[in-house]
Amino acid sequence: MTRQFRARTGWPCAAGFALVLCLPTHAGAQSLQASTQAATFAESCMSCHGLNGKGQGAIPQLAGKTQESLQGAMTEFASGARPGTIMRIIAKGYTPEQAAALGAYFAQVR
Amino acid sequence: MSARISRRAVLAVAAALPLARPALAQGRARVVIIGGGFGGASAARWLRRVDPAIDVTLVERNPRFVTCPFSNLMLGGLRTMQSISFGYDQVRAAGVTVAIDTAIAIDPTARNVRLAGGSTLPYDRLILSPGVQLNYAGIAGYSEEAAEIMPHAWQAGPQTELLRRQLEAMPDGGLVVIAAPDNPYRCPPGPYERASMIAWYLKQAKPRSKVMILDAKDSFSKQPLFMEAWKTLYPGMVEWVSKSNSGRVTRVDAKSGKVTTDFEDLSPAVANIIPPQRAGQIAIALGLDQGKGFCPIDPVSFESPAQRNIHLVGDAIIAGGMPKSGFSANSQAKACAHAVADMLAGRAPAPATLINTCYSTAAPDYGFSIGGVYRPNDQGIFAEIPGAAGTSPLGAPRETRAAEAAYAESWYSNITADMFG
Numbered sequence: 001m002t003r004q005f006r007a008r009t010g011w012p013c014a015a016g017f018a019l020v021l022c023l024p025t026h027a028g029a030q031s032l033q034a035s036t037q038a039a040t041f042a043e044s045c046m047s048c049h050g051l052n053g054k055g056q057g058a059i060p061q062l063a064g065k066t067q068e069s070l071q072g073a074m075t076e077f078a079s080g081a082r083p084g085t086i087m088r089i090i091a092k093g094y095t096p097e098q099a100a101a102l103g104a105y106f107a108q109v110r
Numbered sequence: 001m002s003a004r005i006s007r008r009a010v011l012a013v014a015a016a017l018p019l020a021r022p023a024l025a026q027g028r029a030r031v032v033i034i035g036g037g038f039g040g041a042s043a044a045r046w047l048r049r050v051d052p053a054i055d056v057t058l059v060e061r062n063p064r065f066v067t068c069p070f071s072n073l074m075l076g077g078l079r080t081m082q083s084i085s086f087g088y089d090q091v092r093a094a095g096v097t098v099a100i101d102t103a104i105a106i107d108p109t110a111r112n113v114r115l116a117g118g119s120t121l122p123y124d125r126l127i128l129s130p131g132v133q134l135n136y137a138g139i140a141g142y143s144e145e146a147a148e149i150m151p152h153a154w155q156a157g158p159q160t161e162l163l164r165r166q167l168e169a170m171p172d173g174g175l176v177v178i179a180a181p182d183n184p185y186r187c188p189p190g191p192y193e194r195a196s197m198i199a200w201y202l203k204q205a206k207p208r209s210k211v212m213i214l215d216a217k218d219s220f221s222k223q224p225l226f227m228e229a230w231k232t233l234y235p236g237m238v239e240w241v242s243k244s245n246s247g248r249v250t251r252v253d254a255k256s257g258k259v260t261t262d263f264e265d266l267s268p269a270v271a272n273i274i275p276p277q278r279a280g281q282i283a284i285a286l287g288l289d290q291g292k293g294f295c296p297i298d299p300v301s302f303e304s305p306a307q308r309n310i311h312l313v314g315d316a317i318i319a320g321g322m323p324k325s326g327f328s329a330n331s332q333a334k335a336c337a338h339a340v341a342d343m344l345a346g347r348a349p350a351p352a353t354l355i356n357t358c359y360s361t362a363a364p365d366y367g368f369s370i371g372g373v374y375r376p377n378d379q380g381i382f383a384e385i386p387g388a389a390g391t392s393p394l395g396a397p398r399e400t401r402a403a404e405a406a407y408a409e410s411w412y413s414n415i416t417a418d419m420f421g
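One line per chain: the protein sequences are A and B, in this order.
Residue numbering for the first sequence follows the working numbering, starting at 1 and increasing by one per position.
Residue numbering for the second sequence follows the working numbering, starting at 1 and increasing by one per position.
Each hint should be verified, as a subset may be incorrect.
With a straight-line Cα cutoff of 25 Å, these simulated SDA-like cross-link-like pairs (lysine to any residue) come out [as the list claims (entries may be wrong)]: (1) Lys92(A) with Ile385(B); (2) Lys231(B) with Ala406(B); (3) Lys255(B) with Arg165(B); (4) Lys65(A) with Ala403(B); (5) Lys92(A) with Gly387(B); (6) Lys92(A) with Thr400(B); (7) Lys92(A) with Pro386(B); (8) Lys206(B) with Val241(B).
Taking beta-carbon pairs under 10 Å as the criterion, some of the chain B residues facing chain A (in silico) [claimed, not checked]: (9) His338; (10) Ala363; (11) Ser369; (12) Ile370; (13) Pro386; (14) Ala406; (15) Ile415.
Stretches of chain B that chain A covers, calculated by requiring three or more beta carbons in the stretch to come under 8 Å of a beta carbon on chain A [as the list claims (entries may be wrong)]: (16) 328–334; (17) 349–361; (18) 393–404.
Since the hints were derived computationally from the structure, they do not count as laboratory data.
Predicted model only: the values in this text are computed from it and were never measured.
Cβ atoms here follow ideal geometry from the backbone N, Cα and C, with glycine treated the same way.
Take the sequences, apply the hints, and build the full model.
Right, dumping it as structure tokens:
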């Protein structure tokens, strides 16, 4: 899965497919595709965390948090280091690069 | 949507329009979506978000949609019907044309949909989210008419209200029977959450009453968690009878109120009969299920292998490891919206990563979940990403159960806002 994912987008930067981070080395169509990929990943998160990560109620909002904190949470949920409920399962479905890209996506939502 | 549409009607329209050309986009691309539930409403809104240049028309029979998720909470008295019902104003506000009408025929050659109201909608691509239809014939003696006495309440709305009224009217000490179907069916943990919510109501209002689940299978979703919850919350009130213990309901008689299994005849105060299911009739009439009852799809494009330019999402599809849930339908619809937009623009769609999370509420402060992350695999179905599937742990502290009940409420607010808010 990871291999296939990387092959398709071919990101040059470790931070993944966030448009702003990739622009200097990867302008144009590939960056557009990369940012679209980040958006499609993020859209699944929104079913619980709310549209654009700005949901209501007990489930934490993701919008506007730092990329580091979001990526860190994903990493710790996946490893079991952070206590949690469903995120301990869901986080295991994403590679570190994908978690970084998700973090970057929600960090830029205002 | 389970429009009564026959293959003959489909073919009749096809024959009547032999010269109709495919609705090739001259200017704006046109997408028609049939079915305004979790799959269809999500697809409509997200398609507009993905590409605002696409004309999107959503066809739905009812002006308001009642969600199956949380309808069990209405049965338990935790929710009103009003709070689980949604109109389409915000879908319209997103630029979707909403037709409150019934699709009576689809012509896949001419690429158009005929509506009961008389209009014909041309499309470049069609998305079907027809949900399930109930296979009444799966239980002898059961029928649409019998369901007015022994409700299924598996399509939320008047059936849910009927079941609630019956629970309110039954005497203390009465028996509630829930007949649970064999796989596959809409919302695998649903019958067991329902048993929990009915037990919650009965515990307060009619504490000498019992709930018996008569099951057509030997195991079920989140089984250990439900068993633990019943033991903790409703000791002695909920009984589960597996298929191997003759739990399968073979016959019902609405007139006498009798429910029959291989082992015994029961005369419950309330009989909730959930029959086997298959894809909505509109998909079956077009042969999109290829004789399987549910519809195969390409998991990248969501296009039917049986019919080009027709995509399917939600409970009607064969989704591999993904369960038939509102969350799955919503997740599939978002990916399908991207795929359809890509294909209309001449781009190849990319495989998406999809999520399902399903909360069950056993009491107002007692919830638990199952979830998974899915990708298309080599066999052309959605497969769980290894390690990324599972349930809440057994034996968790009550604070965790309370937190998950609160997460369930939050999830419901957020996913319904995603579609209708």
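>> Just to make sure I understand the rule, a stretch counts as covered if three or more of its residues have a C-beta closer than 8 Å to a C-beta of the chain. Does the region 393–404 of chain B meet that for chain A?
In response: Check passed, 3 qualifying residues.
>> Checking one constraint from the list: CA of Lys206(B) to CA of Val241(B), max 25 Å. Satisfied?
In response: Satisfied, since the Cα-Cα distance of roughly 22 Å is no more than 25 Å.
> Does the interface hint hold: is Pro386(B) within less than 10 Å of chain A, judged Cβ to Cβ?
Replying inline: holds, 8 Å
>> Hint check: Lys92(A) vs Thr400(B), CA-CA at most 25 Å. Holds or violated?
In response: holds, 20 Å
> Is the Cα-Cα distance between Lys255(B) and Arg165(B) 25 Å or less?
Replying inline: holds, 18 Å
>> Just to be careful, I want the Cα atoms of Lys65(A) and Ala403(B) compared with a cutoff of 25 Å; is the pair within it?
In response: holds, 22 Å
> Does Gly387(B) lie within 25 Å of Lys92(A) when you go C-alpha to C-alpha?
Replying inline: holds, 6 Å
> Quick one, are Lys92(A) and Pro386(B) close enough, alpha carbons at most 25 Å?
Replying inline: holds, 8 Å
> Under the criterion of a CB-CB separation shorter than 10 Å, is Ala406(B) in contact with chain A as hinted?
Replying inline: Given a least distance of 4 Å, the restraint on Ala406(B) holds.
> For the region 328–334 of chain B, do at least 3 residues have a Cβ located nearer than 8 Å to some Cβ of chain A?
Replying inline: That given contact holds, which follows from 3 residues of the region 328–334 of chain B lying within Cβ reach (below 8 Å) of chain A.
> Should the hint that His338(B) touches chain A count as held when the rule is a Cβ pair under 10 Å?
Replying inline: Holds - the Cβ of His338(B) comes within 10 Å of chain A, reaching about 6 Å at its closest.
> Counting residues of the region 349–361 of chain B whose CB is closer than 8 Å to a CB in chain A, do you get three or more?
Replying inline: holds (count 7)
Violated hint for the displayed structure: number 10, the only one.
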